[in-house]
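Turn these sequences into a full structure, and let the hints steer you where they fit.
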Amino acid sequence: MSVSEHEPPVSDQVPASWSGWVRERAVRALPPEKLLPDDQPTYVASWIYVFGVLTLSSLGVIILSGTILALKGPSWWHFTGIGHFFNSIHLWSVELFFFVMVIHLWGKYFMAAWRGGRKAVWITGAITFLVAIPCALTGYVSQQNFDSQWISTQAKDAMNASGIGSFFNLLNFGQMYSYHILLLPAAVVAIVLGHILLVRKHGVVPPFELPSTKAAASSDGATAEKQEVVS
Amino acid sequence: MAAIFNLNHHASYVHWHFLDLSVSNLVVIVLMVIVFWAAILIPFPKHGMGSKS
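Protein chains in written order, with our numbering: chain A, 1 to 231; chain B, 1 to 53.
Do not take every clue at face value.
Stated by the list, open to error - Heads up, simulated BS3-like pairs for lysine-lysine below, C-alpha to C-alpha not over 30 Å straight-line:
#: 1; chain 1: A; residue 1: 72; chain 2: A; residue 2: 156
#: 2; chain 1: A; residue 1: 34; chain 2: A; residue 2: 201
#: 3; chain 1: A; residue 1: 119; chain 2: A; residue 2: 34
#: 4; chain 1: A; residue 1: 119; chain 2: A; residue 2: 201
#: 5; chain 1: B; residue 1: 46; chain 2: A; residue 2: 201
#: 6; chain 1: B; residue 1: 46; chain 2: A; residue 2: 34
These aren't lab readings, by the way, just hints derived from the structure by calculation.
What follows is the structure, encoded as structure tokens:
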């Protein structure tokens, strides 16, 4: 143990254990300077690049306020002032989450963020959006009030009409609540973690080059591909 | 919010060809478009950024 502490984390030798194999693969894919960079390319200095981290911040507030709601229970969030407050924090952080996530999505769509081998980054982002929708909708039916009763009775007809209602029952509070506070949030957090690690691995997508800068770059002998590798 | 906006009535909807949107949803969409363009057009403060590219 004391010997391995002084060895470099990545070696050419085949590791003897599965944990060593995983560590070597992980460090190779994401060396520390890529995993936690202390600077970013200059093109990141735009407000449109802020919406990814705003989405993450909103998700943090959602999880924190949701954890407090889960600890205290429905009578607390319905019948006490502080419970109402945390209920509202939870609702508005979800509103903010979708608001900034959609702007993040628009920004990345219009700069074709799947360029430069970033296909998986785009796909994990899109899947996060799709999984976050039922995660939020199961919250509406987990409120334990007339509003949730109305929504679940209406929504179950839609689910049954599409045929998917045979897999779950929107009138089953226990099922919807466990979907809302465990299964779907766990899926969202897992996919978001994968999304962030992929962004760290591939780097933030550069904007499209303007025709004038492209011409200047090619006259200097630099190609667009070269610039993408550098950034 | 209930003191500012009277919520004790049916939601208002905008009908336009195949589009059928509640006014509240339309307001949120318009706000998102405004924030999107603001994020592109408003210059970002320069201090504290790296110069990697």
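Going down the list of hints, with the structure as the test:
1. A:72 - A:156: holds, 28 Å
2. A:34 - A:201: Distance of about 7 Å is within 30 Å: holds.
3. A:119 - A:34: Holds, because 19 Å separates the two Cα atoms, which is no more than 30 Å.
4. A:119 - A:201: holds, 12 Å
5. B:46 - A:201: Since the Cα atoms of residue 46 (chain B) and residue 201 (chain A) sit roughly 25 Å apart, the hinted pair holds (cutoff 30 Å).
6. B:46 - A:34: holds, 23 Å
The structure meets every hint from the earlier list without exception.
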